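Undergrad: Residue numbers (this note's numbering), protein chains in the order written: chain A, 1055 to 1501; chain B, 1055 to 1501.
Because the hints were derived from the structure by calculation, they are not lab data. There's no promise every hint is true.
Heads up, the list lumps identical chains together, so a pair's fine if it works in one copy or across two of them.
Straight line, CA to CA, 20 Å or less: simulated SDA-like cross-link-like pairs of lysine to any residue [to be verified]:
| # | residue 1 | residue 2 |
| --- | --- | --- |
| 1 | 1223 | 1204 |
| 2 | 1499 | 1372 |
| 3 | 1498 | 1077 |
| 4 | 1499 | 1414 |
Being a predicted model, the structure only gives us computed values, none of them experimental.
2 protein chains.
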Amino acid sequence: MRLVIIGADAAGMSAASRAKRNDPELDIRILEKTEDVSYSACGMPYNIADPDRLIEDLVVRHAKVFKESQGLDLRTGHRVDIIDSSGKKISGIDRRGNTFSFNYDKLLIATGAVPIRPPLPGFDLSGVMVLKSLDDGRRIKEYLKTQSVTKAVIIGMGYIALEMAESLKSRGIEVSMVKPRLRFIPWMNETMSAHIRKELDSHDVGVHTGVEVERIEEVEGGLRVIAKDAEFDAQIVILAIGVRPASNLVKEVGLELGPSQSISVDRKMRTSDPHIYAAGDCADAYHVVTGQKVWIPLALRANRSGWSAADNITGRESILDGVAGTAVFKVFDLQVARTGLNVEEAKEAGFEPVERMIRASTRAHAHPGSAPMWAQMVADRKTGSLLGAQILSTEGAVHRINAVATALHAKMTLTQFAQLDFAYAPPFSPVWDPLLVAAHQLMKKIS
Amino acid sequence: MRLVIIGADAAGMSAASRAKRNDPELDIRILEKTEDVSYSACGMPYNIADPDRLIEDLVVRHAKVFKESQGLDLRTGHRVDIIDSSGKKISGIDRRGNTFSFNYDKLLIATGAVPIRPPLPGFDLSGVMVLKSLDDGRRIKEYLKTQSVTKAVIIGMGYIALEMAESLKSRGIEVSMVKPRLRFIPWMNETMSAHIRKELDSHDVGVHTGVEVERIEEVEGGLRVIAKDAEFDAQIVILAIGVRPASNLVKEVGLELGPSQSISVDRKMRTSDPHIYAAGDCADAYHVVTGQKVWIPLALRANRSGWSAADNITGRESILDGVAGTAVFKVFDLQVARTGLNVEEAKEAGFEPVERMIRASTRAHAHPGSAPMWAQMVADRKTGSLLGAQILSTEGAVHRINAVATALHAKMTLTQFAQLDFAYAPPFSPVWDPLLVAAHQLMKKIS
């Protein structure tokens, strides 16, 4: 049997390694259009922060290792252009301009996501950068090294935008962030969102919401980012307004699509074609709280779904629960964490959400070094089910969210959550963990 | 209706405040033999570390506040000596030597735990200290202030002993720890336990296992701790070999007892006498993994069970799940966390335990500042149920354990745990959280 995998990043290479381990006799071909495979994309902002680190540090395993040690037939510089699902064949072009074509018995699409680049004037100028592939990171790093960059504009205010703001600031670059919508972090509760904004202010990052960029122009000494009522000069512009699934390839195939034009897969990573699987950022997932399809491109899901696809392809049944939407990030000294649904998402999914945000301390009463922690919980008034949480603090926010994610997978009610035997020691927590306090406070709104 | 509460620390005062809120008309009398109520006992080692902090910083709420703001009839300096359960009456003696006696409709026993002091020669000398009550903390602090203390011996190697080792070291005192058994931390997996021992070594704390102290003598310049084959000179000896439930008071009453002579309570904190409740460190609890009774005196359970007793007494049904045995502590730069059962406990409870310990990194591939993390998971071979975990690292160990505790409450299998949508961002975790890696590795031993 031949398994062809398109894409050799997190999902594709997880799948390839796993499939090879499960069935050493399997004929596996992996086709990757770039030259980079298996690297920590999420580490790029932190790598860019340090001029002395090589971007290559982020490579987890080189193509060579996959080929030589694992015996995988991995072909980089191979771009697949056509999937012929009736003939079970793919074809494309390699780095030398030669065409290639292969038959497959099973096909795994792991093409990932691509950054959104609006077709606006000047958005294709050479100083306007996206950050998705390792090549993007390489390009930004090289640019910062060779150009004299004192000012940057970041378009967008998502995770990557925020991480890049910190990264560029740490290199002494003046940073302005802009976005068209007025709400700073729209999915976040407003108190917490205001604290993040304050954190950016205190590090002299300019945050300009309600600014819709119309075009970017080359000017003397760099670039000018032009909105209706504002202009920003810079030598580099980071375009971080989001990504979309790299699903163009399947449009001709007629595979069923999910949210945001992602490739729809079942709990075994099967698409609507019985011979084609999809995994990673190009595919959708079930949300463990709503049971509905969502498209939330995140690294753990990419790895896990690649693995799962390989298991199912090689005859080891693997059924994935789905995602809880757990996400964490760092903004200077702040840790931000979320999982599950916020109030708006809960309403959209048909729940009757109630929420409560509390402010607690990260450490025990009178313990030195204690910092404030904000924790918000959302539950369903009708069933008492826990729906989601957000946590913000300078310490202890990130790993605490995992307990909420676990509770969401287990479909716990707020009352059950409030009973959990959580860790306590004075340097790490108050006796009543902030999450337990939030749960108890929210219970009052339900009963 | 009159509710009498014996003991005014975590469980007693949680119960009193809660009962008053639930039913402002309730006649509540709280009798406390010491003068201290509602303080952070667990904070004492950290407070003792800093000569400039007052021990009174640890008081969460003074007796005065309870009396004046909450209108509670709290009587400190009142020691209860007799419970007459047939006459529903208690009696005792107050700080002035006057006897008192009250009738009750409901009685809550919240007498806590008392440190174990073996009746060995010299264990009652004035430089030999235990650390349980605020008075104990006050005494140690005063002693360190007024005496010239350069050397300390700690008898015992539990949480308090380890925290006191760090505390005294930070004050420049030479510390030797001794215990009779050979295994350093017997409940911990040996690799992790060896790392903690190394951490103590690297901070010049002497760790002497297999040393059974026979007596303590006064010598020129302080105390001599004498074992069969060893002697240690010191000016202070901390006796931290454990605590036992303060349940002497109920022996005459004939209440049913649980493990370690704790007072046996049901899920509503009711003892075997229908008019008597017990909560906090004097009472037992159900273990959420085994369903069996355990005695694990910890602060969260004390607060929670006091609260629950108050609810049940005032007619609001509250049924507690029990404890998972979650415990965390700090040893110099190490964070240590556990929850659920270890291998030995799992065997005793009738499971067929399999375990796996993995070594991972606290941060993503190539992220600066990454440190090693050890995570051990225990599961039942027959059912695949998760039974427990232990985590050790310099960062991120403590709050991660809460996710395992949540999974134990939810009675998850290892396979379900391995599916959890955990947080990932390069500064905080690898893509596959160490707990997920441990779960996957352990699954191989089961399937």
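Undergrad: Next, verify each hint and record whether it holds.
TA: Structure-based check of all given hints:
{"no.": "1", "hint": "1223 - 1204", "result": "within (10 Å within a copy, 48 Å between copies)"}
{"no.": "2", "hint": "1499 - 1372", "result": "between (40 Å within a copy, 17 Å between copies)"}
{"no.": "3", "hint": "1498 - 1077", "result": "between (54 Å within a copy, 16 Å between copies)"}
{"no.": "4", "hint": "1499 - 1414", "result": "within (19 Å within a copy, 41 Å between copies)"}
When the structure is compared with the earlier hints, no violation turns up for any of them.
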